[in-house]
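J.: Sequence:
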Amino acid sequence: MSSLRLSSSSSPMAILLVVLYAFISFPTIAFSSFGAAPAATSFSPKDNFLLDCGSKSTTALADGRIFKSDKQSTQFLQTKEDLQVSVPSADVPSPIYLSARVFSEESTYTFHLTQPGWHWVRLHFFAMPVTEFDLKKASFSVETEKFVLLHSFKMDNNDQTIVKEYMLNLTEQSFSIKFQPMKNSVAFINAIEVVSAPDNLISDEGSALFPVNSYSGLSKFSYEYVYRLNVGGPLISSQNDSLGRTWEPDEQFIKEKNLAKPATAEANAIQYPEGVTPLIAPATVYASAAQMADAETVLPNFNITWNFEADPSFSYLLRLHFCDIVSKSLNDLYFNVYVNGKTAISALDLSTLTQGLATPYYKDIVVNSSLMSNSLSLQIGPSKENTGSRNAILNGVEVMKMSNSVDSLDGEFGVDGSKAGSSSRGTVAAVGFAMMFGAFVGLGAMVIKWHKRPQDWQKRNSFSSWLLPLHTGDTSFMTSKTSMGSHKSGFNSSTLGLGRYFSFQELQEATKNFDSSAIIGVGGFGNVYLGEIDDGTKVAVKRGNPQSEQGITEFQTEIQMLSKLRHRHLVSLIGYCDENSEMILVYEYMSNGPFRDHLYGKNLPPMSWKQRLEISIGAARGLHYLHTGTAQGIIHRDVKTTNILLDENFVAKVADFGLSKDAPMGQGHVSTAVKGSFGYLDPEYFRRQQLTDKSDVYSFGVVLFEVLCARPAINPQLPREQVNLAEWAMQWKRKGLLEKVIDPHLAGTINPESMKKFAEAAEKCLAEHGVDRPTMGDVLWNLEYALQLQEAFTQGKAEEESNSTTTVASPAAVAAPSTTSSTSDNRPVSIPEENTGPAQVHAIDEHSGTAMFAQFSGLNGR
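The opening position of the sequence shown corresponds to residue 1 in UniProt numbering, with each subsequent residue numbered one higher.
Hints were generated in silico from the structure; no laboratory data involved.
Don't take every hint at face value.
[Stated by the list, open to error] Only pairs whose alpha carbons sit at most 30 Å apart, straight line, appear in this in silico DSS-like list of lysine-lysine:
id, residue 1, residue 2
1, K154, K80
2, K46, K220
3, K146, K71
4, K419, K178
5, K56, K178
6, K675, K363
7, K363, K146
8, K342, K512
9, K56, K137
10, K261, K342
11, K363, K255
12, K261, K328
13, K740, K757
14, K68, K146
15, K512, K602
16, K363, K342
17, K46, K136
18, K740, K675
19, K56, K154
20, K384, K261
21, K419, K255
22, K220, K146
23, K757, K797
24, K756, K733
25, K363, K384
26, K71, K183
27, K419, K602
28, K733, K46
29, K46, K735
[As the list claims (entries may be wrong)] Label-pair restraints from in silico Cβ distances:
id, residue 1, residue 2, range
30, Q252, K538, 35 to 41 Å
31, S503, N258, 37 to 43 Å
32, N603, K257, 40 to 46 Å
Glycine is no exception: its CB is placed at the ideal position from the N, C-alpha and C atoms.
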């Protein structure tokens, strides 16, 4: 497989490539562009470690960077040996390749980081001809504490320089790189770079391929940069890039060169829009492009193709750069983009997306390993619609290998020996033994009771292992399984609690044979389809991917939770199918989709403040029930606006229990690996790996600010101080100027006291320590009070407009009538009525979240 390799075969090329390594060593590398380019076009790395391994002195490069000798910097290297080799000269692009450090046993470089976060890690290799070792036959592995960078890497008599370039999200202050030689071999390294990268260089959001859909979680992976191309243009050296990167010409990757022709523009004519800066790609990348060659036909209909070598066992992230430098007017260029024969972008209209010409735009596309062969192909071609010019363009391409499930970028094994896509060997062995033992026991039972087996025995005993709940040792589940009667009865026993059994054929008919056009969601478990069952009821059909172990785990957890939960503000499980090794769950359909879609990003009508409050209250009720409505309590662990769904009446229901955990019994937390979504993750949970129900409270605090400000929890395209919503909103809250950053659609419609109470609730949720955060019951009370304040405000305005009464009543006075109860300390508690939409509770002067909801029958549980 090809990496970012540098050939030293020609002197002119070698001169050009000297600057390849001029990477962020200057205090500031700046790049200015014309017109709308934002100011944030420079970057100063906090960490900038440059080591010339094996050198006896400091090495100065022509680009001004200084590489320290690892002998001088002994604090970096821990090794039992001192093996250094060097040559006086060689045909190499940089003097850092004239020396190397050699290891015959495991050795480690350790770096103490100033600022954890995204870092470039570059490893430089050149098998120089030395008498002590045959470096061309070296075979070794390179790992960090978390990531496998190289597994059984072999030089294979390669006499060229090789650069392995990685982008790693380093979360600890100490970072180590370990070299492990294979048996009867050595490891070596010529130079190492560990340099800070901009936090917003890797966005969390992208696009999935086949079917095309949104993809979130890109910031959870590590990456290896395999190719970086300036399409249609020349080599761009590090000195001409805002971050010191090198962009290769694309000529060697084009399948048929006669189908493409170059297009160029002046670099100072490129106008960067808000959210895109030269940190993403320099103007010189966007100022050149490949476009369709003249086919001398009226309707040219062909694609330009680029082919790249790829490892089929890994997924890849493609970052495609576009800038319309060929059109004479807006809305004239529409074209398609294909990846590995699948449509990635249909009828791409750059002028509509960017609102101008010569304006950069980029797209991140995830190519799943299941769609990979031994190569990766990229194609652009004209849209089938007869609109505008028949042309297609591409300005730049970055191809990044994504880490697999065990954080490896080379090979199928993780640092701890675990294998991608499978559990540890010990677990496998235990499961294998259990299966063998079970098979023998089962075989004996079959021989003894064969003659008594009823006709539908096989069907009634085909309950797939993925349906077994993991949270209980109660054997009633297993017992009921064999006595539940025919699946055709429509409902299983109440012990199972899984609702109606659906045959696979029924669900095929309901989803039109799982038509891709019926897909309404995509996740690690598989796809979610919109279906319609026999009585005309619309349902959401979650079909598990049997190849995804993560999906199986999420299914098990989802069943574990939903089999014991029923509440008005939790999405309900309707039934299941376990036929033909399928893993399918059927849920109630939430026609208005995720809450997030109504706040931003989907161009839906903006919600009123009252609507947002009611939905927030509904979600809070669902979470409060999770925390306190069962004997043990449940921690959701992935609270966010995409997991709050809205039905046809905009009633909020909490969804997606794939990461949920039973709350600990008799202790304050449960120790577990950190999981969740960036931007919503409780920092205390992240630091200590101790999960509590207050972790959900923190995430809900982020949701509340998302509701108020109508922007994502994390937006890497914004200036650094605005990237994290929680931090940004809290800054304005402390200044007392929160109204300056709220959703503009809400301006003038919010009662200031209602917003104040709402913001106070959000602020308390985001307390640094869980012990200082309120319970969900207390949060719920504050939200309901904010709603009453808003209703009083709205009614007061209405009365003013009608010139009726001149005095605005108190919140309690204008509230709708409700049935009240009382707690043990005789404080009034409002119990919402049945079937009245989102329930509303009166504001009261004193409160106790725990006492308020002692009577859960009043919360419309079902």
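J.: Does each hint fit the structure? Answer for all of them.
T.: Hint by hint, here is what the structure shows:
This hinted pair checks out: K154 and K80 have alpha carbons roughly 23 Å apart, not beyond 30 Å. About 22 Å separates the Cα atoms of K46 and K220, which keeps this hinted pair within 30 Å; it holds. Straight-line distance between C-alpha atoms of K146 and K71 comes to about 26 Å, which keeps the hinted pair within the 30 Å bound. For the suggested pair K419 and K178, the alpha carbons sit about 20 Å apart, so the restraint of at most 30 Å is met.
Straight-line distance between C-alpha atoms of K56 and K178 comes to about 22 Å, which keeps the hinted pair within the 30 Å bound. A distance of roughly 27 Å separates the Cα atoms of K675 and K363; the hinted pair therefore holds under the 30 Å criterion. A threshold of 30 Å between alpha carbons decides the hint, and for K363 with K146 the separation of about 28 Å falls inside it, so the pair holds. Taken as a hint, the K342 and K512 pair is honoured in the structure, with Cα atoms around 22 Å apart against an allowance of 30 Å.
Under the criterion of a C-alpha separation no larger than 30 Å, the hint pairing K56 with K137 is consistent with the structure, at around 25 Å. Only pairs whose Cα atoms come within 30 Å are accepted, and K261 paired with K342 is accepted, the gap being roughly 24 Å. About 22 Å separates the Cα atoms of K363 and K255, which keeps this hinted pair within 30 Å; it holds. Restraint check: the Cα-Cα separation between K261 and K328 comes to about 18 Å, which is no more than 30 Å; the hinted pair holds.
Between K740 and K757 the alpha-carbon distance is near 17 Å, which keeps this suggested pair within the 30 Å criterion. Restraint check for K68 and K146: the C-alpha separation of about 26 Å stays at or below 30 Å, so the hint holds. Only pairs whose Cα atoms come within 30 Å are accepted, and K512 paired with K602 is accepted, the gap being roughly 27 Å. Between K363 and K342 the alpha-carbon distance is near 16 Å, which keeps this suggested pair within the 30 Å criterion.
Taken as a hint, the K46 and K136 pair is broken in the structure, with Cα atoms around 36 Å apart against an allowance of 30 Å. For the suggested pair K740 and K675, the alpha carbons sit about 33 Å apart, so the restraint of at most 30 Å is broken. For the suggested pair K56 and K154, the alpha carbons sit about 27 Å apart, so the restraint of at most 30 Å is met. Taking the CA atoms of K384 and K261, the gap is about 21 Å. The hint holds against a cut of 30 Å.
Among the hinted pairs, K419 with K255 is inconsistent with the structure: their alpha-carbon atoms are about 36 Å apart, more than 30 Å. For the hint pairing K220 with K146, the CA-to-CA distance comes to about 13 Å; that is within 30 Å, so the pair holds. With a CA separation close to 20 Å, the supplied pair K757 and K797 stays within the 30 Å bound. Distance check on the hinted pair: K756 and K733 sit about 9 Å apart at the alpha-carbon level, within 30 Å; holds.
Taken as a hint, the K363 and K384 pair is honoured in the structure, with Cα atoms around 21 Å apart against an allowance of 30 Å. As the CA atoms of K71 and K183 are separated by approximately 26 Å, the hinted pair is consistent with the 30 Å bound. A distance of roughly 39 Å separates the Cα atoms of K419 and K602; the hinted pair therefore is violated under the 30 Å criterion. Simply put, K733 and K46 have alpha-carbon atoms about 29 Å apart, close enough for the 30 Å limit, and the pair holds.
In summary, the hint linking K46 to K735 is supported, as the alpha carbons are separated by about 29 Å, within the 30 Å threshold. The beta-carbon spacing between Q252 and K538, approximately 52 Å, falls outside the hinted interval of 35 to 41 Å. Separation of S503 from N258 is about 55 Å and departs from the stated range, judged on CB atoms against 37 to 43 Å. A beta carbon spacing of about 41 Å between N603 and K257 agrees with the range 40 to 46 Å that was offered as a hint.
Going down the numbered hints, you'll see the structure goes against 17, 18, 21, 27, 30, 31, while the others check out.
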